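Peer 1: Fit chain Z to the known structure of chain X by using the hints.
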Amino acid sequence: MVQSRSRTALGYVVLILFLILILLPFVWMLLTSFKSPLELSQYPPTFIPERFTFSNYHDAFSRYGFAGYIRNSVIVSVASTFCVLALASMAGFAVARLPIRGKGTLMVMLLVISMFPPIAIVTPLYMLLRSVGWLNSYQALIIPYTAFNLPFAVWILRNYFLQVPGALLEAATVDGATVFQSFWRIFLPLTRPGLFTAAVFTFVAAWTEFFMALVFNSSDNMRTIPVGIALFSGQYNVPYGTIFAGSVVSLVPVVALVILFRKWIVSGLTSGAVKG
Amino acid sequence: MAMHQTLSSGVVRPPSRRVRLLRNQRRAGYSMLLPMAVVIAAVTLFPILYSVWMSLNDVHLETNGFALSFTGLANYRVLAGSRVFWHSVWFTVYYAVVTVAVELILGTLIALAINGVRRLKDLSLVIMLIPWSLITVISAQMWAYIYNGVYGVLNAILQALHLIGGPVAWLGSPGLAIAAMMVADIWKTTPFVVIILLAGLQMIPDEYHEAAYMDGANRWHAFWRVTLPMLRGSIALAGLFRILQAFGVFDLPFVLTNGGPGTATESLAILGYETLFQNLHFGPGTAVAVSTVVMVLIVCLVFLSAFRSMVETEGA
Chain X
1 MVQSRSRTAL GYVVLILFLI LILLPFVWML LTSFKSPLEL SQYPPTFIPE
51 RFTFSNYHDA FSRYGFAGYI RNSVIVSVAS TFCVLALASM AGFAVARLPI
101 RGKGTLMVML LVISMFPPIA IVTPLYMLLR SVGWLNSYQA LIIPYTAFNL
151 PFAVWILRNY FLQVPGALLE AATVDGATVF QSFWRIFLPL TRPGLFTAAV
201 FTFVAAWTEF FMALVFNSSD NMRTIPVGIA LFSGQYNVPY GTIFAGSVVS
251 LVPVVALVIL FRKWIVSGLT SGAVKG
Chain Z
277 MAMHQTLSSG VVRPPSRRVR LLRNQRRAGY SMLLPMAVVI AAVTLFPILY
327 SVWMSLNDVH LETNGFALSF TGLANYRVLA GSRVFWHSVW FTVYYAVVTV
377 AVELILGTLI ALAINGVRRL KDLSLVIMLI PWSLITVISA QMWAYIYNGV
427 YGVLNAILQA LHLIGGPVAW LGSPGLAIAA MMVADIWKTT PFVVIILLAG
477 LQMIPDEYHE AAYMDGANRW HAFWRVTLPM LRGSIALAGL FRILQAFGVF
527 DLPFVLTNGG PGTATESLAI LGYETLFQNL HFGPGTAVAV STVVMVLIVC
577 LVFLSAFRSM VETEGA
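Chains as they are written, first to last, in our numbering: chain X, 1 to 276; chain Z, 277 to 592.
For the record, the hints were derived by calculation from the structure and aren't laboratory data.
These numbers come from a predicted model, not from an experiment.
Even for Gly, the Cβ is constructed at its ideal location relative to N, Cα and C.
Don't take every hint at face value.
[Stated by the list, open to error] Using C-beta positions, here's what the derived DEER-type ranges look like:
1. LEU10/X with GLY492/Z: 22 to 30 Å
2. PRO537/Z with ARG71/X: 46 to 54 Å
3. LEU111/X with PRO290/Z: 35 to 43 Å
4. ILE480/Z with LEU10/X: 13 to 21 Å
5. PHE47/X with HIS497/Z: 22 to 30 Å
6. ASP334/Z with PRO165/X: 54 to 62 Å
[Said to hold, decoys possible] Quick look at which bits of chain X chain Z covers, simulated, 3 or more residues with Cβ under 8 Å:
7. 98-111
8. 187-198
Just chain X, with the same shape it has in the complex (with noise of 0.2 Å):
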């Protein structure tokens, strides 16, 4: 099997080249966010650097809005994903166990809006949040994102609850729950896993959102991270050193979830492959 070994190592080397190619731009970010303005535009650029300073990050939540950023992003990121897995189990439920009619239909016609670009709908939007003053508002971001990650969600949440099985409804049914309580008490502990799934799925991205947070939150107060980070600029260069320590700040919530919930991202990132 020396073919094999061999195949091996170049398996191992082709990984690690890969893994601080990936790396790479995230170490020299970080280490950019600790130098102070003046070597942060020195060329040649110095590695380490020559004094490790935090006034980036001082400067990010004291003098600049980062703070603020952040927290529009969490609550629009945490709302959106409560408001997704509130609405696609229950309609997951119905799709995979109720006896309802035009279940193929609709699940196709979720795939394929799932398929349109946010541009599509921008402009109704904007003119409908205008008309009735929600611009610069959360809702104006929960409720889209919400629309937007729902097909995705349901499909996810219908396949798990193809799992239970349905003799499950009958016997509760017998027993006189109604179909809520069925669902409620019964099959959605059952299908945690989907859950967790969509839930991820969801939240990231309703953080990495920019477009329809930039077009409908563009005021500085109501400005999520993307869009936060996007439009700021200095007097009268790129303050990169800010930027950058708002950034670290930001990647350390998605890059916990990321550890936390690995497995079933990648389950849901396949689950389409599966099908072909």
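Peer 2: Okay, now just chain Z, sitting in the frame of chain X:
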């Protein structure tokens, strides 16, 4: 989703327990679907149809709303005669085709190479998922700093290796700016493709390859006739995800190049955004948006059918 009730006409027999139960469950099902249906209809279906309607009108913004006057295809005729529009169509297609092709090929090669590695699985999974969860705006700022023509680290590295004579303004000329943007995109999304393809590779039973080698196939044949056909679903899935994203590319050029230099990196989404929300030309703007949707749907269909025929002829 019509709410058909089972109204048995004329027969005065009380419905059986079974029928009542079914009707009850059906009614519960529709009411559990309703909230989702309302949100999706209000936020996606209705606005898409309304965008189409707006693109057929002259739109005037007023203090408390807007006024429409029907002009038929006038907005589309404006686009058809606009060099800026055709340039952004060309750029978006070029950008999508190159980045998706490179990501799929590179992703397949990397996935094949590292498929046999048994250790470091959790660690490499986490590292590969981080770019997927990264805010694109952050990665754009990161690359803008790396590419910077005055103090960027890329110039420093290339100069140290004597590959360039002096600092290069990477984002200063159209060709380099497009290439720089593609590299940033490929860096961020290749790991995503690798994860999907690795999962696909791990679902292929070992016996398939063993059988192929027993029949005298070499590596090359085994790849084309066993691995690739079995991987078809995963590649199609990754490709579709990526094409949809690449056609809407907005965040990266918005931060990295602001569509420039000139209009070199002005994607359809950037053009649509500028027309709509900076120039407030809502008629032509929605026409750009609707054209984008039509193109995305066509490209997805073409990709799926081309991909299917390619794999089938090579694998036959």
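Peer 1: Which constraints among the numbered hints does this structure fail? Numbers only, ascending.
Peer 2: Result: hints 2, 5, 8 break, sorted rising.
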